[in-house]
Amino acid sequence: MPGNILGSEDIILSATGIDKVFPGAKALNKVNFQLGRGEVHALLGENGAGKSTLVKCITGAYRRDGGRLVLDGVDIDPRDTFEAQRLGIGTVYQEVNLLPNLTVAENLFLGRQPRRFGLVDARAMNRRAETLLAGYDLDIDVKAELSSCSVAVQQVVAIARAVDLSGKVLILDEPTASLDAHEVEMLFAVVRRLKTQGLGIVFITHFLEQVYAICDRITVLRNGQLVGTREAAALPRRELIAMMLGRELGDEIKTVAKAETEEGPVRYRFSGYGRRGHIAPFDLEVRKGEVVGIAGLLGSGRTETAEILFGAEKADSGSAEIEGKPVELTSPRAAIRHRLGFCPEDRKVDGIVGDLSVRENIALALQARRGWARPIPRAEQERLADQYIKALDIRTTDREKPIRLLSGGNQQKAILARWLATNPEFLILDEPTRGIDVGAHAEIIRLIENLCEQGMSLIVISSELDELVAYSHRVIVLRDRTHVSELVGEAVTTAHIVEAIAAGEKQGASR
Amino acid sequence: MFGSAQAADLTVGFSQIGSESGWRAAETTLTKQQAESRGIDLKFADAQQKQENQIKALRSFIAQGVDAILVAPVVATGWDDVLTEAKDAEIPVILLDRTVDSSEDLYMTAVTSDLVHEGNVAGKWLVDAVAGKPCNVVELQGTTGSSPAIDRKKGFEEALAGHDNLKIIRSQTGDFTRTKGKEVMESFLKAEDGGKNICALYAHNDDMAVGAIQAIKEAGLKPGTDILVVSIDAVPDIFQAMAAGEANATVELTPNMAGPAFDALAAFKKDGTLPPKWIQTESKLYTQKDDPMKVYEEKKGLGY
Amino acid sequence: MNPRYVPLAATIAIFVAAYALCILQYPNMLSTRVIGNLLTDNAFLGIAAVGMTFVILSGGIDLSIGAVIAFTGVFIAVVLENTGLHPLVVFVLVLGIATLFGALMGAIIHHLEMPPFIVTLAGMFLARGMAFVLSIDSVPVKHPFYATMKAFYYRLPGGGRITLIGGLMLLVFAAGILIAHRTRFGANVYALGGGVQTARLMGVPVARTTIAIYAFSGLLAGLSGIVFSLYTSAGYSLAAVGVELDAIAAVVIGGTLLTGGSGFVGGTLIGILIMGLIQTYITFDGSLSSWWTKILIGLLLFGFILMQKGFLYLSKGGRRLA
Amino acid sequence: MNALKPHLIRLAPQFAVLVAVVLLISLAFPDFLKLQIQNGRVYGSLVDVLNRGAPVALLAIGMTIVIATRGIDLSVGAVMAICGAVAAASITSGHSLVYTLALALAVGLLCGLWNGILVAVLDIQPIIATLVLMVAGRGIAQLITEGAILTFNDPGLIFIGSGSFLGLPMPVVIWLVFGIAVTLLVRRTALGMLIEALGINRRASTLSGVSTGVLLVAAYVLSGLCAAIAGIIAAADIKGADANNAGLWLELDAILAVVVGGNSLLGGRFSIAAALLGALIIQSINTGILLSGFPPEFNLIIKAAIIVLILVIQSPRIRDLAALFGRSESAEATVKQEAK
Ligand SMILES: Nc1ncnc2c1ncn2[C@@H]1O[C@H](COP(=O)(O)OP(=O)(O)OP(=O)(O)O)[C@@H](O)[C@H]1O
Ligand SMILES: Nc1ncnc2c1ncn2[C@@H]1O[C@H](COP(=O)(O)OP(=O)(O)OP(=O)(O)O)[C@@H](O)[C@H]1O
Ligand SMILES: [Mg+2]
Ligand SMILES: [Mg+2]
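Chains as they are written, first to last, in my numbering: chain P, 470 to 980; chain A, 1404 to 1707; chain W, 713 to 1034; chain X, 5 to 344.
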């Protein structure tokens, strides 16, 4: 077994023989994990491999069923995350785990507010919060409630909090899932700084470029078991993927020459569509079998565009047409009746129905469209669920498991399955590949391509420009809640998109 | 800033406990009628069964500067402060239907019946009715902790003391309601051999007795014959039952407490005569011999 | 203005407007007597409502407070009657019991993962049951110390009084505001209200906080019981029935969300005053029958909630899809 | 049979508790289990439990659905009083039985609609929204009866309260039939699942196209209907509408029944059958206390103690502990197998 590359005095955190059993599933099986001082250590694996579970066992969020934890040469057994924090382990959990009802500053300093005469000194706290966030280029009102911030801002806040908390170890569980390149760079700068301070950093992600950009060593898990630990520099990408999947993967992203945008008839036309204070009026046309990508920086209004198209937010100007006929898309229900589908960005809040089973979650939208009086027979639901569990490779012990017990990536796939089951003609995907592993990532992109070949129209929002470029016929670039430019056909390249965003930025700056 | 005192007419504040029973509603109706017939401006405050609300109401009557206050206290204790305040503001207070355990100089008079006495009258009737024969009695108590429940129990037990032929074999609360009266009676019947063991029922109010009578009938027994029924209050419905031979006796608690109160008040306002500290209303016993249908017709319209 | 404070501002605005309307109709309502009464008469409710605010902010509910108030009163009266203990000693004793009782409920809620609604409902049965067992009679308190405490008030010009208990309520509110907004414990309470799971992951000591919250609510219910016993000079097992619902209503009218995590202790004070105002208005009117009183209370409650909604709606300019 | 199995497993704890409570009572009072036929109807304490439990059982049906949507309905007691009063007022003023029943049920629906609109459209928190009707509703009921008990003699209406059908008291027949009907309605259609989804995550359900607003209103309307039936039964039972006391504090018993039935107050998964068992458990305790002969001042303590005991046994933590015991054994077994 590898792992003895470092001398024991260089090990800051060592987990040996960690076991974790959930009813019906063995999530971790005698996993060993060694984290060095001043090291960035990637923890990789497919969705449901047990990465988050291992992290939670280390931070005391879960009680481990077996194994030993040694921090800085001392045996530890944190009973809760509070204790782990005190021991110097700062963590960003996978789903943004902050409190929406507290202010940004309160979130940052919860449990360790600066005090004067025994009372919380709010002014000092806000000041320190501002300085802290300035280090991440985030200039927001720290007195605002967290719920008023976008997912991305929340993610940055969570990172800032964890970094500030970590004296010895920093654990980042998919911190970059909703960040764009700029924020990622910023995060890496911070990580490098911490590294020189001798912290051990655990980094979980599904973006392999990021792994190679910053990590020193890589540990791979599969099905709750340790596959191995390697030096990043000595592990070629192909081999890494094979370690993770247990098989070779073909082309990750087929940058196939996509079928020329057929100049077919416009199926969906939105003109002057907008909502005051949310998104400026825009025109949008989508053809049959066309994939329209939406790019932009955080908070540029991509999610709002999607929500308004789907009727989750009511448009207060403009009109919508489907095949030349004017339609009212004023509620999700109406949109679904016109065969639209919408896979939201924040799966925990907008997506999953936690206590319902995977089967019911998949059947939900279809059932809602059929109406309550015509239940989908149980057998049919089971067939549907099984079909998508197989097609999307959803890792679950069985289809009757409550969906909240699935790993993050697998939840995402189940939500996608919910919409595919309704057989939509127009599907809006907001960050569909967030938190999805390499294998499944490729699957989903293939799926998107298949869907549009079958004549489905798609709008895809993604922060991963490579991916966006790979399947989009057209890309719309947003800035400041305004559609600023549209790239078509040959012009759809990463470079052009970045340029369009930047041009917008310059434009904005000159204003 | 302060409202001009109404010189001509009297303004009287009335703090009523609430409206938890037909009897209470009748008392309210009669008080309003009495006030109207005397040209008194009655300020009515319903306390929703809460003493704190009654105290609040009294305070706000004082703040408004009424000429007198009627209060039907929900409980005997806890009135010293607010009564002192009223006294300081020189507003006479008359207690209706129950007394308080404050010092006597804090209120002008109390118009009440004697709750213990009521229980006693009911008990005496039963002692006489069974005439020395052994008799097992079941008791339906009022709301646990309420003063009528405590006093009517006490008075009844006093009347039975020394008559060893009478035994209270079961006693449970029926919350003064018909539903609970019926439910509890059902369980008494089950527990005492289908009711064969029970010779008489004593209920702390008529409503529970009416409920219990239904339970007895549904169990296949004859209320009034197989099981004697005696209760208190004299609400109209019990007279119907008596007329039908299903109830035997009831002790009247008159809902007209306000009449004597207003009389006393008028006398006081006229020439300062102070009434006696306790104006006791009559606790009249009605039995099947008293032409129950006639009494029913009399009482029907009183808002019970 | 920070959007956080909009509900609070709305509540205050509504209260002031409503009071002004009342005065227009009954000029007497501006007297210091009415204002003093508003404080004195609602003192016990206010104190209990502070505890309830914390519980609700944490996403829980405490249905036991009315029963605890009754128990406290009966306990004090019975002990004073049967022993030679000084009332202050009895107060300390009963506060200890009430706090322990609350802590026990908190521990059950946390460790057995049972819903607060049910645990505190059982607590309500238990506390009132214990009061019954102590005495079903209403027991007067005749200790001279009570008279001393009651003689302790500040006379306002115009005949109104700020009594000891009215002042105590204001103090408790001040302390509550300080604890809620200026201590780590307070922040943890809000954190629990935002989501127990998340709070746990963020390192909030969930067990300790939950137990402390219910213990605090128990303590204040006990204090409220003491105030009630001072207010009525008696202990009565049927006292304070349904006070928990009044307290909940006051908390919610004060702008706190029942789902937890959002609201202000100061808002609860306004809520209490609004409820007191409704009652004062009804007695000043004096023409309402028992049933119209209930209907009007319901309608006014509805009116206040509606106005608050209206304010929020206007200030936010519409809301996200629920 | 196989399809029934998960349901039976779900109901097992409630069954066990009910049996335990009944056995406990019959230990103290052996006649508790005795049933006999009298006047063509079954007669005995067990029937009393079913019969007296009718109002709470009916309320629990609606309450289960409302709680499943993550709401709560405090107004049911008051709505009972209103509907009982309406029925009594209508029958005494000479309307036909059918008209009377229709009117009372319609009023119940209306009350439910009011609550539903407050919760779903005005977005008021359920406790507070229904508190409005809880307070005002009793006033409305008293307004109808003017504070008195409105007595009636219509044999048809009385039959609903104390008549019998196939030897069973009418209230029992009514709640059984209604319970089965509602269960079939929600389980044979997709309503059950949609309500659960709504209760667990309203926003996600709305985004999936579920008409959450309509469902929410419907839940409260159903609760209003249940309260109306319960109110009619309560009035018919005592041949009079007691606006002051009908249904007083029954909302708490109904909520307790739902929870004793193992339903979560946080919404989501629900079982009506379990809630009905919960209602029976509570009624058994009540009847048992009455039969026990203890002085009434002990009623509350006994009730509280038994309920706490039941809930502790049912609490997720204790269940987990039990499961842990079971599992650690099986885990050991698998380890041994692996070793071989
Ligand atoms: N509380 C739980 N109860 C039962 N099973 C669970 C629970 N939490 C996680 N699991 C299961 O444990 C396995 C590991 O989940 P984990 O969240 O650690 O995966 P992961 O590697 O983080 O995946 P992802 O990349 O999708 O986040 C999954 O199969 C999941 O279904
Ligand atoms: N870096 C930032 N600084 C300040 N505010 C931000 C920032 N990023 C986002 N926001 C705010 O968050 C809100 C989110 O808008 P929206 O959800 O439409 O963004 P988006 O383009 O979908 O971004 P993403 O989906 O990547 O989070 C906006 O109101 C914006 O003001
Ligand atoms: Mg994970
Ligand atoms: Mg977005």
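The hints are simulated quantities; they were obtained by calculation from the structure and are not laboratory data.
Model, not experiment: these values are computed from the prediction.
Honestly, I wouldn't trust all of these hints.
[What the hints assert, rightly or not] Cross-link-like lysine-lysine pairs, in silico, DSS-like; alpha carbons within 30 angstroms at most:
1. A:Lys-1527 to A:Lys-1680
2. A:Lys-1625 to X:Lys-307
3. A:Lys-1625 to A:Lys-1435
4. P:Lys-783 to W:Lys-854
5. A:Lys-1557 to W:Lys-1021
6. W:Lys-1021 to A:Lys-1490
[What the hints assert, rightly or not] So the derived label-pair ranges between C-beta atoms look like this:
7. W:Tyr-717 to X:Ile-184: 49 to 55 angstroms
8. W:Phe-857 to A:Gln-1436: 55 to 61 angstroms
9. P:Arg-873 to X:Ile-13: 55 to 61 angstroms
Glycine residues also receive a C-beta, built at the ideal position from the N, C-alpha and C atoms.
A quick look at each hint next to the structure:
For a cut-off of 30 angstroms, the pair hint linking Lys-1527 (chain A) to Lys-1680 (chain A) stands: about 27 angstroms separates their Cα positions. A C-alpha spacing of about 33 angstroms is found between Lys-1625 (chain A) and Lys-307 (chain X), which places the hinted pair above 30 angstroms, so the restraint is violated. Of the supplied pair hints, the one linking Lys-1625 (chain A) and Lys-1435 (chain A) is violated, its CA atoms being roughly 40 angstroms apart against a limit of 30 angstroms. Taking the CA atoms of Lys-783 (chain P) and Lys-854 (chain W), the gap is near 67 angstroms; set against the 30 angstroms cutoff, the hint is violated.
At roughly 54 angstroms between alpha-carbon atoms, Lys-1557 (chain A) and Lys-1021 (chain W) are farther apart than 30 angstroms, so this suggested pair is violated. Straight-line distance between C-alpha atoms of Lys-1021 (chain W) and Lys-1490 (chain A) comes to about 45 angstroms, which puts the hinted pair past the 30 angstroms bound. For the pair Tyr-717 (chain W) and Ile-184 (chain X), the beta carbons lie near 52 angstroms from each other, so the given range of 49 to 55 angstroms is met. The supplied range of 55 to 61 angstroms is broken by Phe-857 (chain W) and Gln-1436 (chain A), whose beta-carbon atoms lie about 46 angstroms from each other.
In this structure the supplied range 55 to 61 angstroms is violated for Arg-873 (chain P) paired with Ile-13 (chain X), their Cβ-Cβ distance being about 21 angstroms.
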